[in-house]
Amino acid sequence: MVEVLSEPAGRGSYSGALLEVEDLHVEFHTRQGVAKAVNGVTYSVNPGETLAVLGESGSGKSVTAQTIMGILDMPPGRIAGGQIRFRGVDILKLPEDQRRRIRGEGIAMVFQDALSALNPVFPVGWQIAEMFRIHRGSSRSDAKKKAVELMDRVRIPGARDRVNDFPHQFSGGMRQRIMIAMAIALDPEILIADEPTTALDVTVQAQIMGLLAELQRDSNMGLILITHDLGVVADVADKIAVMYGGRIVETAPVHDLYANPAHPYSKGLLESIPRVDLKGQELYAIKGMPPNLLDMPSGCAFHPRCPYRREDCATAVPPLYPISGSRGSACHYWREVVDGSR
Amino acid sequence: MGRYTIRRLLQLIPVLLGTTFLINYMVWQLPGDPFAGRCGQRPCPDSYVSAMRSQFGLDQPILVQYWQFLKNMLTGNLGVDFNQVPVATQLGDAWPITIRLALLAVAIEAVIGISAGVLSGLKRGGFIDNVVTISTLFLLSLPVFVTGFLLQWLLGVQFQVITPTVSDEAPIMELIVPAFVLASLNMAFTARLTRTSIVENRRSDYVRTAIAKGLTNRRVVGVHLLRNSLIPVLTFLGTEVGSLMSGAIITEGIFNIHGIGGLLYRAITGQDYTIVVPIASLLVLVYLVSNLLVDLLYGVLDPRIRYE
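So the sequence lines, in the order shown, correspond to chains A and B. In this text, residue positions in the first sequence follow the UniProt record's numbering: the first is 1, and each later residue adds one. In this text, residue positions in the second sequence follow the UniProt record's numbering: the first is 1, and each later residue adds one.
Hint data in this document are derived by calculation from the structure and do not stem from the laboratory. It is possible that some hints are incorrect.
[As the list claims (entries may be wrong)] Cβ pair distances, simulated, as ranges:
{"#": "1", "chain 1": "B", "residue 1": "Leu137", "chain 2": "A", "residue 2": "Arg31", "range": "49 to 57 Å"}
{"#": "2", "chain 1": "A", "residue 1": "Glu311", "chain 2": "B", "residue 2": "Arg304", "range": "54 to 62 Å"}
{"#": "3", "chain 1": "B", "residue 1": "Val146", "chain 2": "A", "residue 2": "Arg31", "range": "33 to 41 Å"}
{"#": "4", "chain 1": "A", "residue 1": "Arg31", "chain 2": "B", "residue 2": "Arg8", "range": "45 to 53 Å"}
{"#": "5", "chain 1": "A", "residue 1": "Asp152", "chain 2": "B", "residue 2": "Leu142", "range": "56 to 64 Å"}
{"#": "6", "chain 1": "B", "residue 1": "Leu142", "chain 2": "A", "residue 2": "Arg31", "range": "50 to 58 Å"}
{"#": "7", "chain 1": "A", "residue 1": "Ala206", "chain 2": "B", "residue 2": "Ile305", "range": "33 to 41 Å"}
{"#": "8", "chain 1": "A", "residue 1": "Ala316", "chain 2": "B", "residue 2": "Gly222", "range": "21 to 29 Å"}
{"#": "9", "chain 1": "A", "residue 1": "Gly137", "chain 2": "B", "residue 2": "Asp205", "range": "22 to 30 Å"}
{"#": "10", "chain 1": "B", "residue 1": "Thr133", "chain 2": "A", "residue 2": "Asp152", "range": "45 to 53 Å"}
{"#": "11", "chain 1": "A", "residue 1": "Glu311", "chain 2": "B", "residue 2": "Leu137", "range": "56 to 64 Å"}
{"#": "12", "chain 1": "A", "residue 1": "Asp152", "chain 2": "B", "residue 2": "Leu137", "range": "34 to 42 Å"}
{"#": "13", "chain 1": "B", "residue 1": "Thr133", "chain 2": "A", "residue 2": "Glu311", "range": "35 to 43 Å"}
[Said to hold, decoys possible] Not everything, but these chain A residues come out facing chain B in the computed CB check (under 10 Å):
{"#": "14", "residue": "Gly70"}
{"#": "15", "residue": "Ile102"}
{"#": "16", "residue": "His135"}
Beta carbons are placed, not taken as given, at the ideal position from N, Cα and C, and that holds for glycine.
Let the sequences and hints guide you as you build the complete structure.
As structure tokens, this is what we get:
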């Protein structure tokens, strides 16, 4: 559930959520100006919970994740405000050495393209074993043994024989499994998966999502699943945060959002999924282009593309209106959206 | 990789035959009679010239001469030069000195070039980066003989921290400054290549992964980034070993080092081709072998490379 919506957590107070992102602002200083990539994002994840962060490219979903992970390129990136609390401690204020220890041990990340994310010149087993050698001070042989166990755990066939192979010798799905094995090596409490299946075949996608869900069940870790694929989300996520233009525009338990979206953008996303029963009809597409981060539309960032827009949408930035329980929508006219009148 | 190596070695044979034939042929085609100026002010008597011509087989057709050359090279019989001094002893004295100089130069190139490149690449636009960019530009635009004479005059004559010329045995300590001069161009190039490579790889996904793994900055840079960034640099250094040896002519001349370069230089000006030909042929061999080694090294450094 998304506590901060129903009862905004006061600064510094530890509400009990494992990871809390609060009012995060991230901007990029470029030659053309300041690009505001993340504008006040708030979400939280509990142990064993899966939060799906949904949005198109440029919506700020990956930048938020990179900020949590501490792998944002700074400069040009800059954290302009907000907190990221891991077990109640604002990790943005921690010295780099303590921050580093959290990476891998507390929060780990799986990237989209495992071929480029794995180091091409080191054997995969070596790369997994490095986690144990650096964080736990294990010996080479112990670490390698654990690497084989992990490769077994993510079900890489013949792990023992393949531990010395290089990333390019594996298929895409197997590489992503290695990436996952590396991320879960130290039993992190939070796993961030940034579009983990985007680069894979559909059948392999399902296997990888199944693997992530299974690993999560076994270890009770919190999972942040970043994706633009609504199909991936439905089966595994507990709650969804839909991002647009660097803000969360809708947040809801997964089934509520699918049943009845409360923001025109989420609604547009759902309607643009191809459906078998509507075969032959023209596919719905949200009109217009994603917002330019250097020159955000005034008011609600979605208003130029929105079928529900009124005059005040161009002037007043909609807050995240609480709807019920953990649901919230950043639309002045969310009632109309929910009612389905257009 | 074994088959690949054998095939590459076999490929060396026609290249060696072709180049050595050209060297033999061209050298005797050069204008000027090598025997005409050997008798002081007067032209040499015909009897001397014809005796020399027959001793060195110059009265034979070129193919016969070449066959003779091949036989001599393969049996290790290099014969004597025009002054009847054995060529083998001259080469034997000179090679070790040049090899020492070249290896020292490669070491200087690698250590200084790579460190400068890494430091400037990591802090792009910073103070060190600017210093490295300017000083490498400086080195690249100066011809080697200018750098050589400048350092010789500055360090050897003005400040007298080194001996301006190197003694006959060419000990390592005296070779440091000449090796630096010999290395200067490649060192600047190495620094720039390393910098580019570091800058390119620093933003790569696998470096981001290494940071996300919670590795120390030192390990991210020293292991993950460096290991990838040095692949092109090491291959460059390898291919340049051959050209360093032939490039030593100028440096050896300036510092009076009795290496291959000096020997070759004196032989060319004295038109003593009995020395020019074997040295040139050996340089070709060094170049070919170092290239082959680099190609093999590339496969060791980058596991994605496959030989077929």
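Structure-based check of all given hints:
Restraint check, Leu137 (chain B) to Arg31 (chain A): a C-beta distance of roughly 25 Å breaks the suggested window 49 to 57 Å. Taken as a hint, the range 54 to 62 Å holds for the pair Glu311 (chain A) and Arg304 (chain B), whose Cβ atoms sit roughly 58 Å apart. Evaluation of the 33 to 41 Å hint for Val146 (chain B) and Arg31 (chain A) yields a pass: the beta carbon distance comes to about 40 Å. At roughly 48 Å, the beta-carbon separation of Arg31 (chain A) and Arg8 (chain B) lies within the given 45 to 53 Å, and the hint holds.
For Asp152 (chain A) and Leu142 (chain B), the Cβ-Cβ distance of about 60 Å falls inside the hinted range of 56 to 64 Å, so the restraint holds. Restraint check, Leu142 (chain B) to Arg31 (chain A): a C-beta distance of roughly 35 Å breaks the suggested window 50 to 58 Å. The beta-carbon spacing between Ala206 (chain A) and Ile305 (chain B), approximately 34 Å, falls within the hinted interval of 33 to 41 Å. Distance hint check: the CB atoms of Ala316 (chain A) and Gly222 (chain B) are about 52 Å apart, inconsistent with the given range 21 to 29 Å.
In this structure the supplied range 22 to 30 Å holds for Gly137 (chain A) paired with Asp205 (chain B), their Cβ-Cβ distance being about 27 Å. A hinted range of 45 to 53 Å for the beta carbons of Thr133 (chain B) and Asp152 (chain A) is consistent with their spacing of about 50 Å. Evaluation of the 56 to 64 Å hint for Glu311 (chain A) and Leu137 (chain B) yields a pass: the beta carbon distance comes to about 60 Å. At roughly 55 Å, the beta carbons of Asp152 (chain A) and Leu137 (chain B) sit outside the given window of 34 to 42 Å.
Restraint check, Thr133 (chain B) to Glu311 (chain A): a C-beta distance of roughly 55 Å breaks the suggested window 35 to 43 Å. Taking 10 Å as the C-beta cut-off, the interface hint given for Gly70 (chain A) holds, the closest approach to chain B being about 8 Å. Interface hint at Ile102 (chain A): satisfied, since its Cβ lies 7 Å from the closest Cβ of chain B, which is below the 10 Å cut-off. Evaluation of the His135 (chain A) hint against chain B yields a held restraint, the C-beta minimum of about 6 Å falling below 10 Å.
In summary, the structure is inconsistent with hints 1, 6, 8, 12, 13 from the numbered list given earlier, while agreeing with the others.
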